[in-house]
Amino acid sequence: MRIRFIVLLVFMCCHSILFSQEKYLTKQGDISFYSHTPVEDIKAENKQVLSIIDLSGGEIAISILMKSFVFEKALMQEHFNENYVESDKFPKATFAGNIQNLEELLSGENHIAEIDGKLTIHGITKPVRIEAKTDLEEKKVVLTGKFMVTVADYDIKIPAIVRNNIAKEVEVSFKLEHLPYN
Amino acid sequence: MKKTLLILLFLGLYGHIAAQDLMEILDEETPQHKEYVSATFKGTRIINGHSVENRKKGVLEFLISHRFGRINDGIDEFFGLDNSNIRFALEYALTDDLMFGIGRSSFEKTYDGFVKYKLLKQATGEKPFPLSVSLFGSTAWKTLKDYDPDDKPDFSDRLFYTTQVLIARKFNEDLSLQLSPTYVHRNTVETDADPHDIFAVGAGGRYKISKRVSVNAEYFYTINPLESVNTKDAFALSVDIETGGHVFQLMVSNAITMIEKAFITETTDDFFKGDIHFGFNISRAFQIGNKKRKNPEQERKEW
Numbered sequence: 002m003r004i005r006f007i008v009l010l011v012f013m014c015c016h017s018i019l020f021s022q023e024k025y026l027t028k029q030g031d032i033s034f035y036s037h038t039p040v041e042d043i044k045a046e047n048k049q050v051l052s053i054i055d056l057s058g059g060e061i062a063i064s065i066l067m068k069s070f071v072f073e074k075a076l077m078q079e080h081f082n083e084n085y086v087e088s089d090k091f092p093k094a095t096f097a098g099n100i101q102n103l104e105e106l107l108s109g110e111n112h113i114a115e116i117d118g119k120l121t122i123h124g125i126t127k128p129v130r131i132e133a134k135t136d137l138e139e140k141k142v143v144l145t146g147k148f149m150v151t152v153a154d155y156d157i158k159i160p161a162i163v164r165n166n167i168a169k170e171v172e173v174s175f176k177l178e179h180l181p182y183n
Numbered sequence: 002m003k004k005t006l007l008i009l010l011f012l013g014l015y016g017h018i019a020a021q022d023l024m025e026i027l028d029e030e031t032p033q034h035k036e037y038v039s040a041t042f043k044g045t046r047i048i049n050g051h052s053v054e055n056r057k058k059g060v061l062e063f064l065i066s067h068r069f070g071r072i073n074d075g076i077d078e079f080f081g082l083d084n085s086n087i088r089f090a091l092e093y094a095l096t097d098d099l100m101f102g103i104g105r106s107s108f109e110k111t112y113d114g115f116v117k118y119k120l121l122k123q124a125t126g127e128k129p130f131p132l133s134v135s136l137f138g139s140t141a142w143k144t145l146k147d148y149d150p151d152d153k154p155d156f157s158d159r160l161f162y163t164t165q166v167l168i169a170r171k172f173n174e175d176l177s178l179q180l181s182p183t184y185v186h187r188n189t190v191e192t193d194a195d196p197h198d199i200f201a202v203g204a205g206g207r208y209k210i211s212k213r214v215s216v217n218a219e220y221f222y223t224i225n226p227l228e229s230v231n232t233k234d235a236f237a238l239s240v241d242i243e244t245g246g247h248v249f250q251l252m253v254s255n256a257i258t259m260i261e262k263a264f265i266t267e268t269t270d271d272f273f274k275g276d277i278h279f280g281f282n283i284s285r286a287f288q289i290g291n292k293k294r295k296n297p298e299q300e301r302k303e304w
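Those protein sequences? They're chains A and B, same order as listed.
Start counting the first sequence at 2; every next residue gets the next number (this note's numbering).
Start counting the second sequence at 2; every next residue gets the next number (this note's numbering).
Incorrect hints may have been included.
Unchecked claim - In silico BS3-like cross-links for lysine-lysine, where the CA-CA straight-line distance does not exceed 27 angstroms:
hint	chain 1	residue 1	chain 2	residue 2
1	A	Lys68	A	Lys176
2	B	Lys212	A	Lys158
3	A	Lys93	B	Lys57
4	B	Lys212	A	Lys93
5	B	Lys57	A	Lys158
6	A	Lys147	A	Lys176
7	A	Lys93	B	Lys209
8	B	Lys212	A	Lys127
9	B	Lys212	A	Lys68
10	A	Lys48	B	Lys58
11	A	Lys141	A	Lys74
12	A	Lys68	A	Lys140
13	A	Lys90	B	Lys35
14	B	Lys122	A	Lys74
15	B	Lys128	B	Lys35
16	A	Lys90	B	Lys233
Hints listed in this document are in silico derivations from the structure and should not be mistaken for laboratory results.
Note that this is a predicted model, so its numbers are computed, not measured.
Here chain B stands alone, though its shape is the one from the complex (with noise of 0.2 angstroms):
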C-alpha cells in the first residue's frame, strides 16, 4: 500500500515535471534573432548636440529650445531669464533610420537644416554589435544683417556646414555614453588667422536616476579653435523627464546657442567663472505617417 502511495506520488510528480518540460521545449524552440538595443538615449539631443537616437519612422517631433542669459548677470537681467535665445524646430524621421530637421534661432537670425542617418546600431541576441553609430551633417544659414550695406555678402558666404560621426554605446539600462568627432566648415571667417575647417570631439552621456529621469553631461573639446574671439569649450549638463510623448531637457552651459556650428565653435562664456545659461528643450512627437505600424489592426479582434 504504501509502495502504491509512493509510486502514486512519483507520478504525480511526474506530471508536474512534464508542464516544466513543456517550457523547456517552448525555449528550445525559441528563435534565436537579432536585437538592436533600443533607447539609448531620452531625446535626440544628448543636451546641445545630438545624441544617436532618431524618431520612428513617420513621427514628426515639434523642438522648442530655449538658452537664457548668463546667471551671472544678476538681478538686473533676472539672472539671465531677461535675455533667451530660442530655436524653433520642426523634426521628421523619413524612416527608422533617416531623419530630418528644420529649424530657425533667434541668435543671429540662423536657419538650420540638418540630416542624421543610423549606420550602425548596437544589437544582442545572435549576431551582436557593441556600438551604435549615427552620421550627422548640418548646413546653417545666418541672416542676421550685421555687414556693412556696402560690401553684401552674398548667400554661400553666410553659410556653415556640420559633419559629425555620433558613436554610442548603451553600456546597461541606466548608463550610456557618446563620442561625438566633429567637423565644422566655415565658409566666411572673421580673420585671416581663424581657421575655415575646425576640428572637435565631443563627450556625453546619461545616467538614468529612475524610469523616466536621467542625468546627461556633454563636453565639446575643440583642437583648433578661432583666433579672433577667446573661446571656451562647451560644457552642459541637464535633467531629462520623459513623460508620455514629451522629453523635457532642462540645463545649464555656457553656450548660448543650440546649433553645432555656434556652440561647438562660438562659445565664448566660461562655466566654471560663473557664466552659465539656463535652458531647456520641449519636444512634442506626433505619430502622423505610417500609423498602422505593420501590425496592430484598425479593428479590435473579436477573439
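Bound conformation, chain A alone (with noise of 0.2 angstroms):
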C-alpha cells in the first residue's frame, strides 16, 4: 500500500514536471472577428491575446482584452467597447478548454485538434466546441481555425435601429503561435 501511494507520489511530480516543461505561451495571439451584413462589413483585429496551451494535459487558456481591437471606424471602436461588449465592466473576453483528441495530434496522426470548453464573453459563459489548425514545431505550437459566434447568446443587444448593420452570427478567426514557456 505504502509502496504503492510512494510510486503514485512519484508520478504527480512526474506530472508537474511534465507540466512545467510543456507549457507553451503567445502575448501576440491575432485574433479578429468579422460581422457581414448587406448593409456593411464590420472587422476589429487583436493582435495581442494572451494564449498558453499545456501539451501534457491538453488544457488551454485564452485571455483576450476586448480595448484591444482595433476597428476600421473609430466610432465603431467606441461603440463595441461602451454600448455592446461594455468593456469597463467586462474588461476581457476568456477561453478556458481541453483538447479532446491530444494523443492523436501528439503522435501526428491527425492535425485538426477538437478543443471542448467555455468561452466568456460580456461576462456570459457557454460551453463551446472549435477546431483548430495544429501545427507542432519543435519549438513552436500554432493553432489557427475559426468559429462562430452568436451575439445573443452573450446578452449583448443591438438596437433595432442598427439591428440590419451588424450580423446575428459573427465570425471568430483565430492564429495563435505559442512558443516555450519556462
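Could you fit the two chains together into a complex? Lean on the hints.
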C-alpha cells in the first residue's frame, strides 16, 4: 500500500514536471472577428491576445482584452466598447478548454485539434467546441481556425435601428503562435 | 480500492486545477499599460459649449444646430418655432488630439473657426491620471451689416476671440463633469462701459440614463458681464441620443446662439421666466482620412 502511494506521488511529481516543461505561451496572439450584412461589413482585429497551451494535459487558456480590438472606424470601436461588450465592466473575454484528441495530435495522426471549452464574453459563459488546425513544430505550437459566435448568446443587445448593420452571428478567426514558456 | 478511487479523484481535480493555473499564468503575464478613458461625453459639445471630447483622427463631422425662438412667444410665433437661428459646421479631426472646425450662424451672420487640442487625457492602468484637459480657441467674425454705411467698421473691428480651458473627469460609466474657465475678447464694444475682456466659468455634466441616452446640463457664470445690455448667465438642459454614426442632442436653453462669444456674453433671456429656446444639434460623422486605422487588413483573412 505504502509503495503504491509512493509510486503515485512520484508519478504526480513527474506529472507536474512535465507540466512545467510543456507549456507554450503567446502574448501576441491574433484574433479577429468579422460581421457581414448586406448593409455593411464590420471587422476588428486584436493582436495582443494572450494564450497558453499545456501539451501534457491538453489544456488551453486564452485571455482577450476587449479594448485591444482595433476597428476600421473609430466610432465603431467606441460603440463596441461602450455599448455592446461594455469593456469597463467586462474588460476581458476568456476561453478555457481541453484538447479532446491530444494523443492523435502528438502522434501526428491528425492535425485538427478538437477543443471543448467554455467561452466567456460580456460576463456570460457558454460551452463551445472549436476545431483548430494545429502545427506542432519543434519550438512552436500554432493553432489556427475560425468559429461562429452568436451575438445574442452573450447578452449583447443590438438596438433595432442598427439591427441590419450587425450580423447575428460573427465569424471569429484566430491564429495563435505559442512559444515555449518555462 | 477506495483509496485508489480517492487518489484518482484527486488526480482529476489536479487536472482541473491545472487549467485554472493556466488562466492565472495569463493574468500574471498580461502586460500592464496605460489606458485612456474613452467617451467622457457623447458629443463634441456638452450642450452649447464644447466638451473635452474630440473626434478621432480622420473623422469629418457635419454638424447642424438649430435654436428656435422663445417658447413663451406663444402660438403667434408657434412657440418660437417660426424663428430660428441655424449654424452649419464642418469639423475635422487632424489627429486624435487635434481638431478644428468652421461654422456659419444665421444669427448676426457670423462665421466662426475653432481649434481644440487635447492636452491631457484621463487614464487608468499603469500611470493613471484623474482628469482630461483640452484647450479651445475660437475666432468669430460678425458680418451682419448693422452699422451706419458712413461708419463702416474694418475687418478686425468685427472679430471676437474665445479661449477656454476644458477640464473634465469621467467619474464612472454614467457620470462625467466638466469645468470650463473662459476668456472672451471683443475687439469692439458698444459703449465704453462694456469690457473688452470678459471672464466666465462654465460647469456642465452628463448622466447616462441608458447605454445610448444621456441627460446633460450646462451653466456659464459670467464674472464681468456687458454693461450696455442686461445679460443673463447661459443655462441649458439637454438629452443626447446616440445611434450609429449620429448624435442627436435635444435641448432647452435661454441662449439662441451656438458660438462661445455669443451665448456666454450676449444671452439676455431669463430661463426661469420662461424665455426658453428649444433647439437641437445633429451630427453626422464620416471617416474620411485614415481609413485603415493601423490594423484591420483590407482583405479578409483566410485563416
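request  = Starting from the hint list further up, note which numbers the structure goes against and sort them upward.
outcome  = 11, 12 and 16
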